[in-house]
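K.L.:
Take the given structure of chain D and dock chain G to it, following the hints.
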Amino acid sequence: MTSHRCSLASPCKGRNTNMYIRDCMVIHMLGHDVELDYALTLLEKAKVEYGDVRFVSRKAERITTKNGAPVVSISSSKGVGVRTLVNGAWGFASTNDISKKGIKKVVELAVRTAKASGLTTKEKVVLSPEDPHTDKYETVIKKNPWDVPIEDKINYLLECEKRMRVSDRIKITLGYSEVWEEEKIFGSTEGSRIHQKVIETGGGISAVSIESGEMQTRSYPTSFGGDYAQSGYEFFDNLKLLENAERVGRESEQLISALQCPQEITTLIIASDQLALQVHESCGHPSELDRVFGYEASYAGTSFMTPEKLNTFRYGSDIVNIVGDATVPGGLGTFGYDDEGVRAQNFHIIKNGIIAGYLSSRETAAKLGLRSTGAMRADGYNRMPIIRMTNINLLPGTWKFDELIRDTKKGIYVETNKSWSIDDRRLNFQFGTEIAYRIENGEMKEMLKNPVYTGITYEFWRSCDAICSKDFWHLWGLRNCGKGEPGQVMRVGHGTAPARFNNVRVGVGKW
Amino acid sequence: MVDIKEIAEKILKLVKADQADVRVLRERSHVTRFANSQIHQNMYEENCTADLRVVIGKKIGTAKINLLGEENLNELVERATKIAKLQKDRADFVTLPSNVGKPKKVKTFVQKTANHSVEEKAMSVKKLLEIAENYRPLPKVYGAFTTTTNELCVMNTLGVSASGKNTVSNLGVCMIAEEGDAKGYGWAESAHMDVSKIDVENVGKIAAEKAVNSIHTKKMEPGEYEVILEPRAVSELLGYLSYSGMGALAVQEQRSFLCGNIGNKIMDEKISIWDDGNDEHGLPIPFDFEGVPKQRVDIIENGVARGYVYDSYTANREGKKNTGHALPPGMGAFEIGPLPTNLFMKEGNMHVEDMISNCSRGLLVTKLHYVNIIHPVKTIFTGMTRDGTFYIENGKILHPVKNLRFTQNVVEAFSSVNGISAEKSIIAGDFGAVVCPYLHLDKFHFTGVTEF
Numbered sequence: 001m002t003s004h005r006c007s008l009a010s011p012c013k014g015r016n017t018n019m020y021i022r023d024c025m026v027i028h029m030l031g032h033d034v035e036l037d038y039a040l041t042l043l044e045k046a047k048v049e050y051g052d053v054r055f056v057s058r059k060a061e062r063i064t065t066k067n068g069a070p071v072v073s074i075s076s077s078k079g080v081g082v083r084t085l086v087n088g089a090w091g092f093a094s095t096n097d098i099s100k101k102g103i104k105k106v107v108e109l110a111v112r113t114a115k116a117s118g119l120t121t122k123e124k125v126v127l128s129p130e131d132p133h134t135d136k137y138e139t140v141i142k143k144n145p146w147d148v149p150i151e152d153k154i155n156y157l158l159e160c161e162k163r164m165r166v167s168d169r170i171k172i173t174l175g176y177s178e179v180w181e182e183e184k185i186f187g188s189t190e191g192s193r194i195h196q197k198v199i200e201t202g203g204g205i206s207a208v209s210i211e212s213g214e215m216q217t218r219s220y221p222t223s224f225g226g227d228y229a230q231s232g233y234e235f236f237d238n239l240k241l242l243e244n245a246e247r248v249g250r251e252s253e254q255l256i257s258a259l260q261c262p263q264e265i266t267t268l269i270i271a272s273d274q275l276a277l278q279v280h281e282s283c284g285h286p287s288e289l290d291r292v293f294g295y296e297a298s299y300a301g302t303s304f305m306t307p308e309k310l311n312t313f314r315y316g317s318d319i320v321n322i323v324g325d326a327t328v329p330g331g332l333g334t335f336g337y338d339d340e341g342v343r344a345q346n347f348h349i350i351k352n353g354i355i356a357g358y359l360s361s362r363e364t365a366a367k368l369g370l371r372s373t374g375a376m377r378a379d380g381y382n383r384m385p386i387i388r389m390t391n392i393n394l395l396p397g398t399w400k401f402d403e404l405i406r407d408t409k410k411g412i413y414v415e416t417n418k419s420w421s422i423d424d425r426r427l428n429f430q431f432g433t434e435i436a437y438r439i440e441n442g443e444m445k446e447m448l449k450n451p452v453y454t455g456i457t458y459e460f461w462r463s464c465d466a467i468c469s470k471d472f473w474h475l476w477g478l479r480n481c482g483k484g485e486p487g488q489v490m491r492v493g494h495g496t497a498p499a500r501f502n503n504v505r506v507g508v509g510k511w
Numbered sequence: 001m002v003d004i005k006e007i008a009e010k011i012l013k014l015v016k017a018d019q020a021d022v023r024v025l026r027e028r029s030h031v032t033r034f035a036n037s038q039i040h041q042n043m044y045e046e047n048c049t050a051d052l053r054v055v056i057g058k059k060i061g062t063a064k065i066n067l068l069g070e071e072n073l074n075e076l077v078e079r080a081t082k083i084a085k086l087q088k089d090r091a092d093f094v095t096l097p098s099n100v101g102k103p104k105k106v107k108t109f110v111q112k113t114a115n116h117s118v119e120e121k122a123m124s125v126k127k128l129l130e131i132a133e134n135y136r137p138l139p140k141v142y143g144a145f146t147t148t149t150n151e152l153c154v155m156n157t158l159g160v161s162a163s164g165k166n167t168v169s170n171l172g173v174c175m176i177a178e179e180g181d182a183k184g185y186g187w188a189e190s191a192h193m194d195v196s197k198i199d200v201e202n203v204g205k206i207a208a209e210k211a212v213n214s215i216h217t218k219k220m221e222p223g224e225y226e227v228i229l230e231p232r233a234v235s236e237l238l239g240y241l242s243y244s245g246m247g248a249l250a251v252q253e254q255r256s257f258l259c260g261n262i263g264n265k266i267m268d269e270k271i272s273i274w275d276d277g278n279d280e281h282g283l284p285i286p287f288d289f290e291g292v293p294k295q296r297v298d299i300i301e302n303g304v305a306r307g308y309v310y311d312s313y314t315a316n317r318e319g320k321k322n323t324g325h326a327l328p329p330g331m332g333a334f335e336i337g338p339l340p341t342n343l344f345m346k347e348g349n350m351h352v353e354d355m356i357s358n359c360s361r362g363l364l365v366t367k368l369h370y371v372n373i374i375h376p377v378k379t380i381f382t383g384m385t386r387d388g389t390f391y392i393e394n395g396k397i398l399h400p401v402k403n404l405r406f407t408q409n410v411v412e413a414f415s416s417v418n419g420i421s422a423e424k425s426i427i428a429g430d431f432g433a434v435v436c437p438y439l440h441l442d443k444f445h446f447t448g449v450t451e452f
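If you're matching them up, the sequences are chains D and G in order. Residue numbering for the first sequence follows my numbering, beginning at 1 and increasing consecutively. Residue numbering for the second sequence follows my numbering, beginning at 1 and increasing consecutively.
Calculated from the structure, these hints are not laboratory results. These numbers were taken from a predicted model, which means no experiment stands behind them. Be aware that one or more of the hints could be misleading.
[To be verified] Keeping only pairs whose Cα atoms sit at most 35 Å apart, straight-line, the calculated DSBU-like set for lysine-lysine is:
(1) G/K219 <-> D/K367
(2) G/K165 <-> G/K85
(3) G/K165 <-> D/K59
(4) D/K470 <-> D/K400
(5) D/K162 <-> G/K197
(6) D/K449 <-> D/K510
(7) G/K5 <-> D/K59
(8) G/K378 <-> D/K240
(9) G/K82 <-> D/K100
(10) D/K122 <-> G/K85
(11) D/K45 <-> D/K101
(12) G/K321 <-> D/K171
(13) D/K105 <-> G/K13
(14) D/K78 <-> D/K162
(15) D/K104 <-> G/K5
(16) D/K78 <-> G/K88
(17) D/K47 <-> G/K112
(18) G/K197 <-> G/K270
(19) G/K10 <-> G/K126
(20) G/K320 <-> G/K16
(21) D/K115 <-> G/K112
(22) D/K510 <-> G/K402
(23) G/K219 <-> D/K351
(24) D/K100 <-> D/K171
Bound conformation, chain D alone (with noise of 0.2 Å):
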């Protein structure tokens, strides 16, 4: 075990452009060194092969409305969490109670749970080697969320709520805004001392249309709550929400009467916001090391992309290009540092369409003799961290997106995420959006509803032969990724532009 530690006066250190520091800011508002120091004394006397700790405190401001009725939620939570490493086992334990006392029984505890761990070891955990950090990550932000009133915010909402009642069709109309904030300061028995605060903005607006048994959603700009950035409220203003609640409500309602989406085999143009989708349950998950190591077979389930099928498994076409980059500024999936302290990366898990790179961590990149690509991420204080995704990117391509479908003979353009589901080793996947399009002779024609599609992994991404350019790139916030027991929500980024599959089986059931 090393014991330098870093103290608060070492200097702080500049990083990527992404990385804004505002006069120690995170620390004043936190003010948890003295805590963690203690508790990282009390780990140095527990002798623990490695031990961190992490305190955390979030804050989130949830609106709702309706059908003109708001509902507005403030939570916020503080705590501690702690993972120690004894006799080559994990233990963690967590408490909301930041006393001596409490960070005193919550240290006991994970040494405990470690030990108890140690009753089963066959083969001890080894870390890959991280160098210590002291630093400091803050989000950007230009309109601070929290002094926009939240009135002017339920406004909005409702005003947006009112343009998509375009018809006696639309039953249900809802409008969504959500501020959140994580500060959170680590320390590693290694000398690590990591202050990062996030700030994320982001909202959406949808309309459901029901009639005789037929029921239809439409979002903007997406489904489930709508888009979301590391960013301040000029994120929230520049989604336009307003401006597209009338054709939300119309397409909602258009939708009932639309024509049921055949069942054929045929050519598919996905939408930026339903390929960020393809892209976190194709991609995302199986890329994910302790998957493919087995780490969650009994519940999220494993991965096909095992290890002798890095640098040699053909994934996808040629143009398919996917990288795993916590730096990309905005993202849900971007910060400083990981939560076992691993500075964020950018790094290619499909290059050229062979697997290039997993997600990981320090855990399991020793077992490839690899370095941590730094994926670990907790979701608060009370939960040890576990690999998620960070912003998973599909790269952009050259094509615009007009050219693609006048490029197109036949086809389906599929839009907006409804359902998602795929195998435990994510090779089976079916999709269903909101909305689709027939094309023909290179034309959109009319509307399709109740489009599914279905194909597995490999094959579906060895047929993508055109991805739109950077001019139709856009990175989506998603906040609902599920991983881990007890349960983890993570927040992660998708950044995805229009792109053209071939031979894809669409209208999968009996309608």
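P.N.:
Frame of chain D, contents of chain G only:
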């Protein structure tokens, strides 16, 4: 340790509003996860939250904290009150509950479960490893052993007061047996409020047997098959049916399969489904998050749609009796509405072996994976099979099969039931449980197949 009732009382005393209710929840949990036949994550958590709803006229504000010092409680009340003042009227809000009576006295807590230690869990994992040693090829052991103790106090300014504590223990085990490149998977689980009722040996044996018997899978063509769904698989379909349409808000908003169907026969007459938060055969919690005693609600009775569950908001809106099924206020209650969290499906009188004998061409499904709703009103769901799927022909299990994807109208599937087992299991949920038997359905539509 703080007294959660005292905290709730303190908070309500600080409130200056027309009405208010508060939930104080203390949670303590141990989760021991194991993979590759050793413990890889071992976690202890303690937390206590206070969740306040303030009503001023028809304006409602909510706030939640997990630090419970005097200063924090003041801040909680200020926040919720400020939000309420900034709100628009919620026109159809009438009142928070009052004169609801006392919850039934039901056994919900077992001290042995609350005391269950990380060392005892580690010994259970060791026992599972020993059981696996009896099988060849030697299966690797994966899973989680969880014990949770919750103490909940709900109070409001109209005199409602309910409090209690409950325990849950849950062991889920997946074993994986390998032979060359082929892998066999087996799943088994056990949940109970009393940890001493968790039969580690039986869970281990079932998981191991399934794993070694499911290695050499054959690929089946997608299409219509009979299915025998094990309780875990049944619980997943019931859970999604419940989420999408067994609550009053879903019905009031016309997004439920029950809309226009109350009194109609919509499922096979062998199917009866109800919710009962007082039944000790499940994981009971006798009051809801508004402090209202839970009532038994028949949802499907002999195939006929009978009802759905209410909280105070939906009951007042419809002029019906509140059944005590509120979620915590805020986003869940607002968007989803009340939900049944203690579902039961009526057992039949068949042995599982007889159900298999009665199956002419079907699949035995241990567990479903990643179920999702394609169309809530039509109850079209999709998902995969996993952890032990077997082909049955002429009453005999012939071989394991590669996992299949289903895309199915579930109400339609429940309309043609061949048989129901006498045996049933408790499947633990997030806050409650589903208690259900094996179900033999005549038709289930599989639309795809995967590679393992």
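K.L.:
State for each hint whether it applies.
P.N.:
These are the hints, each one checked on the structure:
no.: 1; hint: G/K219 <-> D/K367; result: holds (33 Å)
no.: 2; hint: G/K165 <-> G/K85; result: holds (34 Å)
no.: 3; hint: G/K165 <-> D/K59; result: holds (28 Å)
no.: 4; hint: D/K470 <-> D/K400; result: holds (9 Å)
no.: 5; hint: D/K162 <-> G/K197; result: violated (55 Å)
no.: 6; hint: D/K449 <-> D/K510; result: holds (14 Å)
no.: 7; hint: G/K5 <-> D/K59; result: holds (25 Å)
no.: 8; hint: G/K378 <-> D/K240; result: holds (33 Å)
no.: 9; hint: G/K82 <-> D/K100; result: holds (33 Å)
no.: 10; hint: D/K122 <-> G/K85; result: violated (59 Å)
no.: 11; hint: D/K45 <-> D/K101; result: holds (16 Å)
no.: 12; hint: G/K321 <-> D/K171; result: holds (25 Å)
no.: 13; hint: D/K105 <-> G/K13; result: holds (32 Å)
no.: 14; hint: D/K78 <-> D/K162; result: violated (38 Å)
no.: 15; hint: D/K104 <-> G/K5; result: holds (27 Å)
no.: 16; hint: D/K78 <-> G/K88; result: holds (30 Å)
no.: 17; hint: D/K47 <-> G/K112; result: holds (32 Å)
no.: 18; hint: G/K197 <-> G/K270; result: holds (30 Å)
no.: 19; hint: G/K10 <-> G/K126; result: violated (46 Å)
no.: 20; hint: G/K320 <-> G/K16; result: holds (30 Å)
no.: 21; hint: D/K115 <-> G/K112; result: holds (22 Å)
no.: 22; hint: D/K510 <-> G/K402; result: holds (23 Å)
no.: 23; hint: G/K219 <-> D/K351; result: holds (32 Å)
no.: 24; hint: D/K100 <-> D/K171; result: violated (54 Å)
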